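Numbering (our numbering), first residue to last: -3 to 79.
Calculated directly from the structure, the hints in this document are not laboratory data.
Predicted, not measured: the structure shown is a model, and the values here were computed from it.
Beta carbons are placed, not taken as given, at the ideal position from N, Cα and C, and that holds for glycine.
Where hints are given, some of them may not hold.
[What the hints assert, rightly or not] Derived BS3-like pairs (lysine-lysine); straight-line CA-CA distance at most 25 Å:
1) Lys50 with Lys(-2)
2) Lys35 with Lys(-2)
3) Lys43 with Lys(-2)
[What the hints assert, rightly or not] Between beta-carbon pairs, the in silico distance windows are:
4) Lys35 with Ser72: 49 to 59 Å
5) Ala68 with Arg48: 23 to 33 Å
6) Val73 with Ala37: 47 to 57 Å
7) Arg48 with Arg25: 18 to 28 Å
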Amino acid sequence: MKPAEIRALNDQQISALIDELREEWRHLRFEHAVGRLSKTARIGEIKRDIARLKTIQTERVMSEQIAAALAAEQASVNERGAR
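Given the sequences, and given the hints that come with them, work out the whole structure.
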C-alpha cells in the first residue's frame, strides 16, 4: 500500500486495516511454521504495510499535538501582550 493511499483513509479505516493485516500476518506465520506457506514474501509485505499505517497514524497524532501546543503558546503570547 502506498503512503498516498493510506493518507486518503480516515483514522478509523486505518485502525481497521491494521487489525485486518495483523490477523492475516498471524495466519501467515502459522502457515509458515507448519510448512504450508508458498509465498513467504507476503509476510514481509504485511509487516511493511503495518509499519506504514502506524507511521501515518503517529504523524497525525503528532501534528494534532503540535497544533495544540502552538495554539496554547499563541494564546499565552496574546495574553501577555494584552496586559
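Outcome of the hint check:
Using a Cα cut-off of 25 Å, the hinted pair Lys50 and Lys(-2) holds, with the two alpha carbons roughly 13 Å apart. For the suggested pair Lys35 and Lys(-2), the alpha carbons sit about 21 Å apart, so the restraint of at most 25 Å is met. Of the supplied pair hints, the one linking Lys43 and Lys(-2) holds, its CA atoms being roughly 14 Å apart against a limit of 25 Å. At roughly 56 Å, the beta-carbon separation of Lys35 and Ser72 lies within the given 49 to 59 Å, and the hint holds.
The given range of 23 to 33 Å is respected by Ala68 and Arg48, whose C-beta atoms sit roughly 31 Å from each other. Hint check: Val73 to Ala37, Cβ distance near 53 Å, so the stated range 47 to 57 Å holds. For Arg48 and Arg25, the Cβ-Cβ distance of about 19 Å falls inside the hinted range of 18 to 28 Å, so the restraint holds.
Hint compliance for this structure: no hint is broken.
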